[in-house]
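Q: In the order they appear, the protein sequences are chains A and B.
The first sequence runs contiguously to residue 115 in my numbering.
The second sequence runs contiguously to residue 229 in my numbering.
Fair warning: there could be bad hints in the mix.
[To be verified] For the chain B half of the interface with chain A, some residues (derived, Cβ under 8 Å), not all of them: (1) L158; (2) L160; (3) V165; (4) A167; (5) V203; (6) G223.
Treat the hints as calculated values from the structure; they're not laboratory data.
Note that this is a predicted model, so its numbers are computed, not measured.
Where a beta carbon is used, it is the ideal one built from N, C-alpha and C, also for glycine.
Okay, here's what each chain looks like letter by letter:
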Amino acid sequence: AQTVTQSQPEMSVQEAETVTLSCTYDTSESDYYLFWYKQPPSRQMILVIRQEAYKQQNATENRFSVNFQKAAKSFSLKISDSQLGDAAMYFCAYRSAPGNTPLVFGKGTRLSVIA
Amino acid sequence: NAGVTQTPKFQVLKTGQSMTLQCAQDMNHEYMSWYRQDPGMGLRLIHYSVGAGITDQGEVPNGYNVSRSTTEDFPLRLLSAAPSQTSVYFCATGSGGTSTDTQYFGPGTRLTVL
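Using the sequences plus the hints, can you model the full thing?
A: Shown next, in the form of structure tokens:
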């Protein structure tokens, strides 16, 4: 079974600075997808960024980018120019491919942004 | 287009009571799933369905039943609620198995079992 580990329960960052959230996973599969979800206090789950395992290029969405190291099974999220609205729980998630398969989540990292 | 809706938003039960958490989607998605979120535990899969008439167990299925009679609805039943089922419950849906498939989450139901 696949597992996802987020080793940082809490992180903090100064506004406008950069922060990196860590995620490692364990799988024997070669084809899969990785995701970062944001959960603000509203509780809504919001997709931040996704990465296909077969793509070597790291995904980027505006201020959010990932460092995907397939051999190391590492998938970190970098948030640049942090904003107060980035404060939230962040979950790393794994999904097998292809087909309709469930997400496997890490336990989350709570990010605080300091003004 | 409402997306994924969950009802109720909040619920308090007494131990031993039964109830059904509702999940409905209007996106014609084949895949639907239920997760529970507990502090420090992330989201854990309870049950999921890849289409009407098909369901399967996830990581923590005990104490929960599901059925999928229509594409739109995927109710989660607690037959005899226990305090250990106090949690926030999320329903999620997805359109397919490709990398572009985004799983959409409902707003969640906070359940307290006394």
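Q: Run every hint past the structure and note whether it holds.
A: Hint by hint, here is what the structure shows:
A least Cβ separation of about 4 Å between L158 (chain B) and chain A falls short of the 8 Å threshold, and the interface hint therefore holds. Hint status for L160 (chain B): holds, given a least beta-carbon distance of 5 Å to chain A, under 8 Å. The interface hint given for V165 (chain B) is met, as the beta carbon of that residue sits about 4 Å from the closest beta carbon of chain A, less than 8 Å. Given hint, A167 (chain B) at the interface with chain A, is violated; its Cβ is 13 Å from that chain's nearest Cβ, farther than 8 Å.
A cut of 8 Å between beta carbons decides the hint on V203 (chain B): the least distance to chain A is about 7 Å, and the hint holds. Because the closest C-beta pair between G223 (chain B) and chain A is about 5 Å apart, less than 8 Å, the hint holds.
In summary, the one numbered hint that this structure violates is 4.
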